[in-house]
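Q: Spelled out from the first residue to the last, the chains are:
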Amino acid sequence: MPDFDVAVVGGGIMGCATALQLAQHGMRVVVIERRRLGMEASGMNAGTLSLQIKRAALVPYALRGYELWKTMAARFGMDVGFHVRGGLTIAFTETEAEVLVERMGERRAAGVPLEIVSPARALEIEPGLSHRLVLASHCALDGYANSNLTGAAFRKALLRAGATVREGEAVSAIDRDGGTFVIRAGEAVSRAARVVLAGGAWLDRLVGFLGFNLPLHCRVNMVSVTERCPPIVRAMVGHALGLLTLKQSDNGTVLIGGGWQGTGDRDGDRATEVIPENLLGNMQLAVYAVPALVHTRLVRTWHGFEAHVPDFLPLAGALPGIDNAFVIGCVRGGYTIGPYMGQLLGDLILGRRPGLPLFDPGRYIHRPMVALTAP
Amino acid sequence: MEGTTSLRIQQAVRRGPPVTLSVNGEAMVAYAGETVATALRLLGFRRLRSSPRAGQPRGLFCAMGVCQECVVRVDGRTVPACLEPVRDGMSVVTHVDGRDGLSL
Numbered sequence: 001m002p003d004f005d006v007a008v009v010g011g012g013i014m015g016c017a018t019a020l021q022l023a024q025h026g027m028r029v030v031v032i033e034r035r036r037l038g039m040e041a042s043g044m045n046a047g048t049l050s051l052q053i054k055r056a057a058l059v060p061y062a063l064r065g066y067e068l069w070k071t072m073a074a075r076f077g078m079d080v081g082f083h084v085r086g087g088l089t090i091a092f093t094e095t096e097a098e099v100l101v102e103r104m105g106e107r108r109a110a111g112v113p114l115e116i117v118s119p120a121r122a123l124e125i126e127p128g129l130s131h132r133l134v135l136a137s138h139c140a141l142d143g144y145a146n147s148n149l150t151g152a153a154f155r156k157a158l159l160r161a162g163a164t165v166r167e168g169e170a171v172s173a174i175d176r177d178g179g180t181f182v183i184r185a186g187e188a189v190s191r192a193a194r195v196v197l198a199g200g201a202w203l204d205r206l207v208g209f210l211g212f213n214l215p216l217h218c219r220v221n222m223v224s225v226t227e228r229c230p231p232i233v234r235a236m237v238g239h240a241l242g243l244l245t246l247k248q249s250d251n252g253t254v255l256i257g258g259g260w261q262g263t264g265d266r267d268g269d270r271a272t273e274v275i276p277e278n279l280l281g282n283m284q285l286a287v288y289a290v291p292a293l294v295h296t297r298l299v300r301t302w303h304g305f306e307a308h309v310p311d312f313l314p315l316a317g318a319l320p321g322i323d324n325a326f327v328i329g330c331v332r333g334g335y336t337i338g339p340y341m342g343q344l345l346g347d348l349i350l351g352r353r354p355g356l357p358l359f360d361p362g363r364y365i366h367r368p369m370v371a372l373t374a375p
Numbered sequence: 001m002e003g004t005t006s007l008r009i010q011q012a013v014r015r016g017p018p019v020t021l022s023v024n025g026e027a028m029v030a031y032a033g034e035t036v037a038t039a040l041r042l043l044g045f046r047r048l049r050s051s052p053r054a055g056q057p058r059g060l061f062c063a064m065g066v067c068q069e070c071v072v073r074v075d076g077r078t079v080p081a082c083l084e085p086v087r088d089g090m091s092v093v094t095h096v097d098g099r100d101g102l103s104l
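Here the protein sequences come in this chain order: A and B. Residue numbers are given in this note's numbering: position 40 of the first sequence equals residue 40, and the series is strictly consecutive. Residue numbers are given in this note's numbering: position 64 of the second sequence equals residue 64, and the series is strictly consecutive.
Don't read these hints as lab results, they were simulated from the structure. Some hints here could point you the wrong way.
[To be verified] Below, a sample of chain B positions facing chain A; criterion: calculated Cβ distance under 10 Å:
1) SER51
2) ARG73
3) THR78
[Claimed, not checked] Here are some chain B residues the structure puts well away from chain A; computed CB gaps all over 10 Å:
4) PRO18
5) MET28
6) PRO52
7) ARG53
8) GLN68
9) PRO85
10) VAL96
We put the beta carbon where it would ideally sit given N, CA and C, even for glycine.
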């Protein structure tokens, strides 16, 4: 007899959001997390909730995810640092401007309320920007949350919904005992009727426990934060080629990202290192975009592991060929869509009609080919 | 402004040779071996900057490079004054601010 209706393995935003939807609809849920909830990509990213930087295919999901972020503090009973600032994505060359117009056209068609604006208008909206910009796009809804708070907020919501949260021990085995999944993590054994694998950059390891292969690409994304400084930029600033995200939080620090890469091994001690040229490139672009940053000092730089599959779309749905096993995660920019993706997968598991199509994990997750030998 | 030596111990101290600093554009004297923070304190500068949001006074506090409250601009670089030795001809600007890179 299983102790839980569902065991969610992986306590990032995707796993937590799935678990929350299930627990809020009466299922007995356990979340099993190796570290603490929301400590990897969900807690290390720059917190950007920018609709205009989402790929067109994900815009419907991002719009719904954004709404969930907006109401999260009220629903969870805990501040998550959600702010709406409006965002400007800027181009410095004609080539960048062409890319901007093309990408933003697709995203606007997909439903993002954005407009292309002249340099004069962009500078009116955000006087802190460089006068060297040649074109910009503006979305008044763009915002951010404090990703440091993600895990704590979901923990509170999960516990309130009656879920069990088991943190601090890595899963060492997932076995099947009849129709029950038996999940071992340290001393704890969780027996559940269903399993949701939500391992983020380690999802391939989790599906491996059930005998599946997943071709996962893992990036080592860099984020930096400056010292506190007086208000220098109000809007969220991005770059046409996606090489920059920048926002100044209320405490005066400026958070700078943009997907520049560090090095690191996601296995072992998970230690990461800065690639100096990449840090310099990221900071030079930030200063180019917001010149007042020139004398601001960097306080800290860190990296998070972010995984994606070749088509850069999420995995969310049932594992092929095995009953009651599900997968969620692995997408670039999962922070914005995470709360909604979890709700969708939760609905599928609950037998409710998901509001938007899910993303069949079977397109990449397969059982290993078995070599055929002649009889 | 207080005198350049009034707060310094006068007896039984072997001091380095005098150096000339520019502090906010004004020539002032300190002694080799002192930090910028020491020199500024002895020159009478207690308030070195303002807090970023509330604009409250900030100055030498931890004196060991941790708290960042004594940050000034030295020859164009933003540094904690307490870790920076004085050098002849050095330019020091107090009340630096991330907004415009200039003294307020």
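Q: All hints are to be evaluated individually against the structure, with a verdict given for each.
A: Status of the hints after comparison with the structure:
The closest approach between the C-beta of SER51/B and any C-beta of chain A is roughly 8 Å, which is under the 10 Å cut-off, so the hint is satisfied. The restraint placing ARG73/B at the interface with chain A holds, with a minimum CB-CB distance near 7 Å, inside the 10 Å limit. Hint status for THR78/B relative to chain A: holds, with the closest Cβ pair at about 5 Å, below 10 Å. Annotated as non-interface, PRO18/B keeps its C-beta farther than 10 Å from every C-beta of chain A; the closest such distance is 30 Å.
For MET28/B, the non-interface assignment is confirmed: its Cβ lies about 23 Å from the closest Cβ of chain A, beyond the 10 Å cut-off. The non-interface label for PRO52/B is inconsistent with chain A: the shortest C-beta to C-beta separation is roughly 4 Å, within 10 Å. In this structure ARG53/B is not separated from chain A by more than 10 Å, as the shortest Cβ-Cβ distance comes to only about 6 Å. Residue-level check failed: GLN68/B sits 7 Å from the nearest beta carbon of chain A, not beyond 10 Å.
Distance check on PRO85/B: its Cβ is at least 19 Å (rounded) from any Cβ of chain A, clearing the 10 Å threshold; non-interface status holds. Consistency note on VAL96/B: stated as away from chain A, yet its beta-carbon is not over 10 Å from all of that chain's, at 7 Å minimum.
In summary, the structure is inconsistent with hints 6, 7, 8, 10 from the numbered list given earlier, while agreeing with the others.
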